[in-house]
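S.K.: Residue numbers (the numbering used here), protein chains in the order written: chain A, 1 to 117; chain B, 1 to 97.
It is worth saying that the hints were derived from the structure and are not from the lab. Keep in mind the model is a prediction, meaning the values are calculated, not measured. One thing to keep in mind: the hints can contain errors.
Here are the in silico distance ranges between beta carbons for each label pair [what the hints assert, rightly or not]:
1. B:C89 x A:V110: 30 to 38 Å
2. B:T55 x A:T29: 25 to 33 Å
3. A:T29 x B:S94: 22 to 30 Å
4. B:A42 x A:K88: 17 to 25 Å
5. A:T101 x B:P39: 46 to 54 Å
6. A:R116 x B:G53: 38 to 46 Å
7. B:A82 x A:A117: 43 to 51 Å
8. A:A23 x B:S21: 28 to 36 Å
9. B:Y40 x A:P48: 45 to 53 Å
In silico contact screen, one side only, chain A against chain B (beta carbon under 7 Å); selected entries [stated by the list, open to error]:
10. D22
11. A23
12. L44
13. L47
14. E49
15. W85
16. P95
Just so you know, even glycine gets a beta-carbon here, dropped at the ideal spot from N, CA and C.
Listed below, chain by chain, are the residues.
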Amino acid sequence: MRLLIIAASDPYRSQHAQELLDAMLVAATFGAEVSLLFQDAGVLQLLPEQAADRIGRRSLSRQLDALPLFDIERVYVDLQSLAQWGLKTFDLALPVMALDTQEMAALVAVHDQVIRA
Amino acid sequence: MTTLHQVFCGEWPTALERLYSPGDTVLLAGASVALAINPYNALAHFLQRVGSGITCVALDDAVVLRGLQMHWPASISRISEAEWVDLVCQHAKSVSW
């Protein structure tokens, strides 16, 4: 099964980002082919030097570093969302491929399931 | 009588602009701190329109938590939680957005 995860939540406003990451790693462990797209405030999950210890949580960007260990190597970012925050791909903690609207539609089309949170 | 506008949501509350009065302070806390890193969004336009008379500050913990310090604009000061308490005391009212 090809699974597309769309991470669209602010990294620490709620538990959504952490729970989505956990679900993604479980899916990958059970053999799903997982792709990951960051969109809207979810782009902020990719910023390096997060200090999650200030609220007693684990840094999302550091956890995302482990994605290759789970064979999750297709990581994308919404180009428009990136611009919304005035960011460039080189500002991010992970190497990502920036996609325009048409490319994102094509990405969704080739996956069996999509989860967005 | 001035108001402290405490913004928590990740999207700029445009209704705040209608309630804003000279002398008020806008505090960015929680997810709203990310609004400050984009020089072209609704917050930036509001600050430009109001001009230099406005005080806009952000909670340092929320900034550093998200790793935004590398992109932080010099025009918005970062304050500690103790300074936040001082701000609340300095204003007659506080409104949370």
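S.K.: Would you mind marking each hint as holding or not holding in the structure?
M.R.: Checked hints:
| no. | hint | result |
| --- | --- | --- |
| 1 | B:C89 x A:V110: 30 to 38 Å | violated (57 Å) |
| 2 | B:T55 x A:T29: 25 to 33 Å | violated (50 Å) |
| 3 | A:T29 x B:S94: 22 to 30 Å | violated (46 Å) |
| 4 | B:A42 x A:K88: 17 to 25 Å | holds (21 Å) |
| 5 | A:T101 x B:P39: 46 to 54 Å | violated (23 Å) |
| 6 | A:R116 x B:G53: 38 to 46 Å | holds (41 Å) |
| 7 | B:A82 x A:A117: 43 to 51 Å | violated (35 Å) |
| 8 | A:A23 x B:S21: 28 to 36 Å | violated (46 Å) |
| 9 | B:Y40 x A:P48: 45 to 53 Å | violated (23 Å) |
| 10 | D22 | violated (20 Å) |
| 11 | A23 | violated (21 Å) |
| 12 | L44 | holds (6 Å) |
| 13 | L47 | holds (4 Å) |
| 14 | E49 | holds (4 Å) |
| 15 | W85 | holds (5 Å) |
| 16 | P95 | violated (17 Å) |
When each numbered hint is compared with the structure, violations occur for hints 1, 2, 3, 5, 7, 8, 9, 10, 11, 16.
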